[in-house]
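Q: Order-wise, the sequence lines are chains A and B.
Under our numbering, the first residue of the first sequence is numbered 1, with each subsequent residue one higher.
Under our numbering, the first residue of the second sequence is numbered 1001, with each subsequent residue one higher.
Watch out, some of these pointers could steer you wrong.
What the hints assert, rightly or not - List of simulated lysine-lysine pairs, BS3-like, C-alpha gap at most 30 Å:
| id | chain 1 | residue 1 | chain 2 | residue 2 |
| --- | --- | --- | --- | --- |
| 1 | B | K1052 | B | K1064 |
| 2 | A | K48 | B | K1041 |
| 3 | A | K206 | B | K1065 |
| 4 | A | K48 | A | K36 |
| 5 | A | K206 | A | K146 |
| 6 | B | K1020 | B | K1009 |
| 7 | A | K126 | B | K1020 |
| 8 | B | K1050 | A | K206 |
| 9 | A | K48 | B | K1065 |
| 10 | A | K207 | B | K1020 |
| 11 | A | K206 | A | K15 |
| 12 | A | K15 | A | K91 |
| 13 | B | K1050 | B | K1065 |
| 14 | A | K91 | B | K1065 |
| 15 | B | K1064 | A | K48 |
| 16 | A | K91 | A | K12 |
| 17 | B | K1064 | A | K91 |
| 18 | A | K48 | A | K150 |
| 19 | A | K206 | B | K1064 |
| 20 | A | K135 | A | K150 |
| 21 | A | K207 | B | K1065 |
Simulated from the structure, these hints should not be mistaken for laboratory data.
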Amino acid sequence: MLSETKTAFGGKTPKFGVVVFPGSNCDHDTYYALRKILDLDVIFLWHKQTSLEDCDVIILPGGFSYGDYLRTGAISRFSPIMNEVISFANKGGYVFGICNGFQILLEAGLLPGVMIRNESLNFVCKDVYLKIGNKNTVFTKGLDGKDSLKIPIAHGEGNYFADQNTLMELEDNNQIVFQYCSNNGTISIEDNPNGSVQNIAGIINKKGNVLGMMPHPERSTDPVLGKTDGSLIFRALANNIFN
Amino acid sequence: MFKAKVLIKRRKTILDPQGKAVEIGAKHLGLSNIKNTRIDKYIEFDVDTKNKKAAEEEVNDYCKKLLANPIMEDYEFTLEEV
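Produce the complete structure using the sequences and hints provided.
A: If you want it as structure tokens, here you go:
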């Protein structure tokens, strides 16, 4: 598997940087998935540093940065590295926010909308299925054969909310990349784990270089854990960046 | 120096799951007249300026950029010289 991944990049491999905030707890999982499972080049970036060290993709990982105080992601958004991440994103650099990372992207204004407490008030930790709403992004191109991806969620505040105008804009621009669905790809309220509007699990910005998603693809990469659909997203990203 | 007292309220159009859950507790208590429970945030801090206008500006900045998320919340505050 490792050699297949290497050759797929046609020589040039992207460098991933995983930002470590105080309270991040999926940083090592993400590093492990990229380095050990997908054999990709990855480094950690401390939130106080101001250099992105020539990374091609910045990952804001899951966790409870700054204890989720005030609002999820609200304080991390002002960590020193975020100025660099925002200007990197504005120049077209690839930024991928997972769970708490998605919440940080919303607070930073890199993605529209807000995240509120799950409708049930429960912290929900389980496998969910995701319908891919846009297979033309750098994160999803090449996943044509897949109707849905099986990836776990683990969050207390994943209830995505945006006003009607923002939702219309997201739809019009094909920015809704992932929606919670059943295992055969149908979308209904029964498959919505947190109350998100339109079952939204992940969105991309208009330019197509910043993606945020609540589910954890890094927890669905190691075959030992019985599911590997998450690796498809990282692999698609690595394959598509230089193409 | 001024004491700032900030109240941050989630807009009425946005669901407040906490308020809803707490209200279920009220029903269980037999308090059947309780309606529309909303849980908001109250924050207190000092602003070390001599001039009230400067204090107001700084509190507005703090609220807009960090304490409140303007997409879903409104804020109001009072300043009292201490």
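Q: With reference to the structure, classify each hint as holding or not holding.
A: Status of the hints after comparison with the structure:
no.: 1; hint: B:K1052 / B:K1064; result: 18 Å, holds
no.: 2; hint: A:K48 / B:K1041; result: 29 Å, holds
no.: 3; hint: A:K206 / B:K1065; result: 23 Å, holds
no.: 4; hint: A:K48 / A:K36; result: 26 Å, holds
no.: 5; hint: A:K206 / A:K146; result: 24 Å, holds
no.: 6; hint: B:K1020 / B:K1009; result: 15 Å, holds
no.: 7; hint: A:K126 / B:K1020; result: 24 Å, holds
no.: 8; hint: B:K1050 / A:K206; result: 45 Å, violated
no.: 9; hint: A:K48 / B:K1065; result: 20 Å, holds
no.: 10; hint: A:K207 / B:K1020; result: 37 Å, violated
no.: 11; hint: A:K206 / A:K15; result: 23 Å, holds
no.: 12; hint: A:K15 / A:K91; result: 17 Å, holds
no.: 13; hint: B:K1050 / B:K1065; result: 23 Å, holds
no.: 14; hint: A:K91 / B:K1065; result: 23 Å, holds
no.: 15; hint: B:K1064 / A:K48; result: 23 Å, holds
no.: 16; hint: A:K91 / A:K12; result: 21 Å, holds
no.: 17; hint: B:K1064 / A:K91; result: 25 Å, holds
no.: 18; hint: A:K48 / A:K150; result: 34 Å, violated
no.: 19; hint: A:K206 / B:K1064; result: 25 Å, holds
no.: 20; hint: A:K135 / A:K150; result: 16 Å, holds
no.: 21; hint: A:K207 / B:K1065; result: 25 Å, holds
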